[in-house]
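**Q** Chain by chain, the residues:
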Amino acid sequence: MIVAQRKGIEEVKKMVEGKSRILIAGCGTCVAVCMAGGEREVSILASMLRMAVKLDSGRDIEVAEITMERQCDREFIEPFDKQMREYDAVISTACGIGVQFLADFLGDIPVVPGVNTKFLGSNEGGGTWFERCRACGECVLGETGGICPITICAKNLLNGPCGGTNKGKCEVDKDKDCAWTLIYQRLEKLGALDNIRKIFPPKNYHAQTHPSRMIHEAYKKD
Amino acid sequence: MKKFEPTVIAFSCMFCAGCEPVAAKPEKSMKAAQLKVIRLHCLGKINSMHVLKAFENGADAVLVAGGACRFMEGLAVAQKQIEYTRKLLEELGIEPQRLELVPVNQAEGKTFNEAVEGIIKRVRALGPNPLMKAKKAA
Chain D
402 MIVAQRKGIE
412 EVKKMVEGKS
422 RILIAGCGTC
432 VAVCMAGGER
442 EVSILASMLR
452 MAVKLDSGRD
462 IEVAEITMER
472 QCDREFIEPF
482 DKQMREYDAV
492 ISTACGIGVQ
502 FLADFLGDIP
512 VVPGVNTKFL
522 GSNEGGGTWF
532 ERCRACGECV
542 LGETGGICPI
552 TICAKNLLNG
562 PCGGTNKGKC
572 EVDKDKDCAW
582 TLIYQRLEKL
592 GALDNIRKIF
602 PPKNYHAQTH
612 PSRMIHEAYK
622 KD
Chain Y
7 MKKFEPTVIA
17 FSCMFCAGCE
27 PVAAKPEKSM
37 KAAQLKVIRL
47 HCLGKINSMH
57 VLKAFENGAD
67 AVLVAGGACR
77 FMEGLAVAQK
87 QIEYTRKLLE
97 ELGIEPQRLE
107 LVPVNQAEGK
117 TFNEAVEGII
127 KRVRALGPNP
137 LMKAKKAA
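Chains as they are written, first to last, in this note's numbering: chain D, 402 to 623; chain Y, 7 to 144.
One chain only, chain D, in its complex shape (with noise of 0.2 angstroms):
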C-alpha cells in the first residue's frame, strides 16, 4: 500500500489561509489502512482546523467532510462532483497520486494535500509500516528470494553485499538489517544459494521515464 503520515496542522491551516468553505476529502483506500487520511483521520482534520482558525483569528470556518472509496480513478470522484464545487478549496488526505488527480479533475479549486505521502509499505503489525518496493520496473524478486535489494539495501546494491556489512546490519545504519544477509538467509532457506553467485548488470535508470505511462493493451479504450 501506499503509506502517508499527516501534516502538522500549522501548515494545512496555511496553505487554505483566507477561505471560509473548505472540504476535507478523505480516501478510503491505502491512507485508511495506514490511518492517515480516511474517514476517521479527515473527521480529526476536519476539528482541528476548525479548533485551529478559531484559536488563531476567532473566525469561525466551514469545515465539510467526504471520504471516497477511492482518489486515483475518475468513477468514484464523479459522484461528489457537484458537492466538491461548492467549496473555496479542497484539502485531500489521499496520497500524492489522489491530490494530483483531483486537482486535475476539480481544475479551477484549489486541491491541497493533508498529508506527506511516504513510501511503498507493508502494515508490520499495529500501527507500524515499513517500506517494501522502490517502485523500479524491474523487478528481481525472483532472484532474491522475495527480498528487495533496492529497498532494502542503503545502497541499493543489485550485487551484495558489500563490505560494510557487519554481523548481519548495515554500516550505514547499525539499526538496519543488511539486505544481503538477508537475501543469503533466505536463498539458504530456499535450497537456492547458488542465485548469490548471479551477477545482476547494473540497472538501465536510463530506460526509466518519468513521468511514466502503462498501457494494458486488453482494457485500453481508444
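Everything labelled a hint here was simulated from the structure, so no lab data went into it. For glycine and all other residues, C-beta sits at the position ideal for the given N, C-alpha and C. Hints may contain errors.
[Claimed, not checked] Taking beta-carbon pairs under 10 angstroms as the criterion, some of the chain D residues facing chain Y (in silico):
1) 409
2) 410
3) 442
4) 445
5) 448
6) 452
7) 453
8) 455
9) 528
10) 529
11) 583
12) 587
13) 588
Following the hints, position chain Y against chain D.
**A** Then chain Y, alone, in the frame of chain D:
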C-alpha cells in the same frame, strides 16, 4: 462576573460500574460543574476524533475512565489514543492537562468521583476552554 464552572465530558466504560457519579455521593463542586457521562461499550472504542469533538463543542475538560477490561485490551488501547490526542491538543495550543485517563474498576465510584474532582480543580485553575475565550474575543 459569573463564576467559571467547568463542563466536563467523561467517556466511561459501561461495564465498569464505578464510572458513574451516582455510584458514590457526588461532591459539592461536582454538582456545580457540569458533568456529562458518555458510556462506551469498550474503552478501546475511544478515538482522538471523539475527544477533539468534545473540546470543539465547548468541553473544558475530558475524562476517560475505565478499568480491568473484559475485552482484554481496552484500557491499553485507550491509553495510546489519549497520549496521541494530548499531542494533538498541544499542537493546537490547548492545554493537554485538560484531558485525563483514569483507571477505574467496578464498584470504584469513589475513585471516579475523585478523578472528576481533580480535573475540575485543575481546569478551574486553567480557566475556560481556550476556544470559548477566542470566540468571545472575536
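**Q** All hints, please: hold or fail.
**A** Quick rundown of the hints versus the structure:
1. 409: holds (7 angstroms)
2. 410: holds (6 angstroms)
3. 442: Holds, because the Cβ-Cβ distance from residue 442 of chain D to chain Y comes to roughly 8 angstroms (cut-off 10 angstroms).
4. 445: holds (5 angstroms)
5. 448: holds (4 angstroms)
6. 452: With a closest approach of 6 angstroms, the residue 452 of chain D hint holds.
7. 453: Since the shortest Cβ distance to chain Y is 6 angstroms, the answer is holds.
8. 455: Because about 5 angstroms separates residue 455 of chain D from the closest Cβ in chain Y, which is inside the 10 angstroms limit, the hint holds.
9. 528: Constraint on residue 528 of chain D satisfied, holds at 8 angstroms.
10. 529: violated (13 angstroms)
11. 583: violated (30 angstroms)
12. 587: Violated. Min distance 33 angstroms.
13. 588: violated (38 angstroms)
Hint check: violations occur at hints 10, 11, 12, 13; the rest are consistent with the structure.
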